[in-house]
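Trainee: Model the full structure from these sequences, guided by the hints.
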Amino acid sequence: MNEPAVQAAQLRKTFGPRAVLQDLTFEVRPGEVIGVLGKNGAGKTTLLELMLGYTTPTSGHVRIFGHEAQSLSGDIKRRVGFVPQQDELLNQLTVAEQLRVIASFYPSWDHELISRLCVSWNVNPQARIKSMSVGERQKLSILLAFGHRPDLLILDEPVASLDPVARRQFLEELVELSAEGQRAIVFSTHIVSDIERLASRVWILKEGRLCWEGELESLKDSVSRLHIRSGGSSVPSFEIPGAINRRTQGPAVTALVRDWTDEAQQAFEQKYSVTVTRESPGLEEIFLEMHR
Amino acid sequence: MKAIGRLLLVYFAGSRVTKWLTICGLLLLLASLYVVLYTPQTEHMLALAVPGLILLFCGTSLMPLTLARLAGSHAACILPGARIKLLLSAILTVLLVTLPAGLIAPLAFVAGMSADVSQLFADPNLLNYTLVMAVITYTSACIAAFWLYVLMWVIGNERSVNGVAKALLIFLVLMFMPTADREDPGAMMRANLLQIPVVLLVFSAGFLLWPRIRRALAGRFQARATKSGTTRELAGREIDLVLGNSQPWPLTVALLLPLVVLSRSDEVHASTWLFYLTIASTLSGAMTGQAPERSRALWLRGDWSRPALFEAVEKSAWRHNGRVLMVLFVALLAIGIYAKIPLAIVAVGGPLLILGTVLSTYLGLTLTRGVRWAEATLGVAVMLILMSIAWLMSDPDAHMAWVVGLFLAVSPLPAVFRRVARNRWAHIDWSECRREVQPALRAG
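Chains A and B, in that order, are what the protein sequence lines are.
Basically my numbering = 1-based index in the first sequence + 196.
Basically my numbering = 1-based index in the second sequence + 956.
Quick caveat, the hints were computed from the structure, so don't treat them as lab data.
Here the structure is a predicted model, which means the values were calculated and not measured.
Mixed in with the good hints, there may be bad ones.
Unchecked claim - If you only want the chain B side, here are some residues facing chain A, beta carbon under 7 Å, derived:
| # | residue |
| --- | --- |
| 1 | E1194 |
| 2 | D1196 |
| 3 | L1197 |
| 4 | H1225 |
| 5 | R1257 |
| 6 | D1259 |
| 7 | S1261 |
| 8 | V1372 |
| 9 | W1386 |
Yeah, the Cβ is synthetic: ideal placement off N, Cα and C, and Gly gets one too.
Mentor: Shown next, in the form of structure tokens:
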């Protein structure tokens, strides 16, 4: 039962000459909440679409509950829920009608959950979809993905159009859902604080590659920002072990480093006769530094 | 002025294709001007001008859609004078795109009267007559271009049955619009000169006031929807709903309306009926072109492999198009009886309608990667062949061998299109069939 919800190996996707994703290998295990971070164009949507079998990998493979994403059976699909970035709602229907249409595809649909969420998220079942705001449509899209209580929930920027209150409610509901049984959740977002609040693991996509994949706490623990100051007026040339990036400003160097220890710092200071101040950056700062 | 200039540049040369269409159109029109002014007159004097005008118009064919998008964007609410600039740019496009018609046609007319163009200013009567002709040609072209843009706007902006229905309704109104006596150039010129400001004034008022009108309407509709709270029976129609095939009747009504109007005219030839019915049969099929994009919502929700999904989509398309086809059949029979169309034409008309529906349905299903050059060319070619068959069938002088030959030539195509469609669906990539998302954005 503890099979990975998603498993990908050497995943690569190109659009024409442009490689959008390159050699991604990862696994999502039941109970994990993965936050996918990346700049616009980093390949987040493509990655999620590959995981759902919407698009074909140029090479490599993705498996959902052990089955190829390209040829999922009905039983597997019923274990998957998806909130797309651009909603796929039927404008001519009312909310209640849209919910009934989607519920009909699933043998087990939690009407009670959806009714409760409609009330707490302030979604009017009688409202016509075409007259709803972008945020209201987004809430409905999320409800449609929750209704069958999927074992794997994939959300592509689900909170992008939500107001702060709705965002908070959605995150609370997501926390509750993720706490239930062994549900795996993968969501992409630009809002770093949401990932910090919710995700157990973080994937940082940069130029189509996973430049970080691991637990949020271990990412924060393992990444340090160093302020290196030399005694002289110019910067000495030195190698910084585990450097992700470095910036030079006069006689000072600021560097983001991975797996920096007190011993390494001591050795570094002695070797180059510099003063090193170390601080732990937040996820947003790490993300920004990685993309500088 | 700068903003309007930039907008015009976008309308005339916004994409690579429209840029080349505009350039080719202008070159042909320049060549045509040379032919009219400096070469001996022949009956083919306007052979370059007509395709030039068409190409120039096609070069601006994205204008209505671009205008609609910009007018509906948030930027239009924020930027100073955005709506008025958009409006002016649209009006200027109409005035510019038809300008060559106003210039070349009267010159050709003068040359056609065996008069040297250089003598134009020497003869006041000829000059006066030419000016009247120029104004008539230009204003008529302006009116025609304006309404064509409006129809393109309505269809392109909605891309749904509603859009087609609205466009057909506008078409109907235009058919009923009073026209001036064609024999009297003065009356025609006066009618055109009256129609243009009236139409532009109404359009401008509607365009500029639309945000207010929309807000008022939206508030009223929302209140009514919330109050009524009625829900319809949807069970069993879920797949059709998702694919947009659940309601064939609005399209059917929209297609039949012009037939009712046409039936009021005594001078409608059999070929006109067949032409219209053939176009109608392909329209229902063309709606199927939305299926690849819409089927994305179905993929995760059923026990379908990609080939099985194709079959489900195909069945849904036929549930929709089959009903429209049945109604068109009945319409053909009714028209046949009403307009006393020869039985042979009615008999061959039936297979023509089937052919139109089948071809367009499967052509629509092949659009798993949006409309590209190959599909667009194929679509136009199929329409031309079907039109030719309709025309040949109702032409008493045409050889039946041509009709049969064209039928035979086209009849294997549905099977070919279906095979292509099935193969494409076996590997459908939903990230490629979204019309509005470019690959670069898709990566986001």
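Trainee: Compare the structure with each hint and give your call.
Mentor: Here's how the hints hold up against the structure:
Hint on B:E1194 holds. Least Cβ distance to chain A is approximately 5 Å, under the 7 Å limit. Interface hint at B:D1196: violated, since its Cβ lies 10 Å from the closest Cβ of chain A, which is beyond the 7 Å cut-off. A cut of 7 Å between beta carbons decides the hint on B:L1197: the least distance to chain A is about 6 Å, and the hint holds. Contact between B:H1225 and chain A, as hinted, is not supported at the beta carbon level, the nearest pair being about 39 Å apart and thus beyond 7 Å.
Interface hint status for B:R1257: upheld, as the beta-carbon distance to the closest one in chain A is roughly 4 Å, under 7 Å. At a threshold of 7 Å, the smallest CB-CB gap from B:D1259 to chain A is about 3 Å, leaving the interface hint in force. Contact between B:S1261 and chain A, as hinted, is supported at the beta carbon level, the nearest pair being about 6 Å apart and thus within 7 Å. Hint status for B:V1372: violated, given a least beta-carbon distance of 24 Å to chain A, over 7 Å.
For B:W1386, the suggested interface contact is upheld, since its CB lies about 4 Å from the closest CB of chain A, less than 7 Å.
Checked against the numbered hints given earlier, the structure breaks hints 2, 4, 8 and satisfies all the rest.
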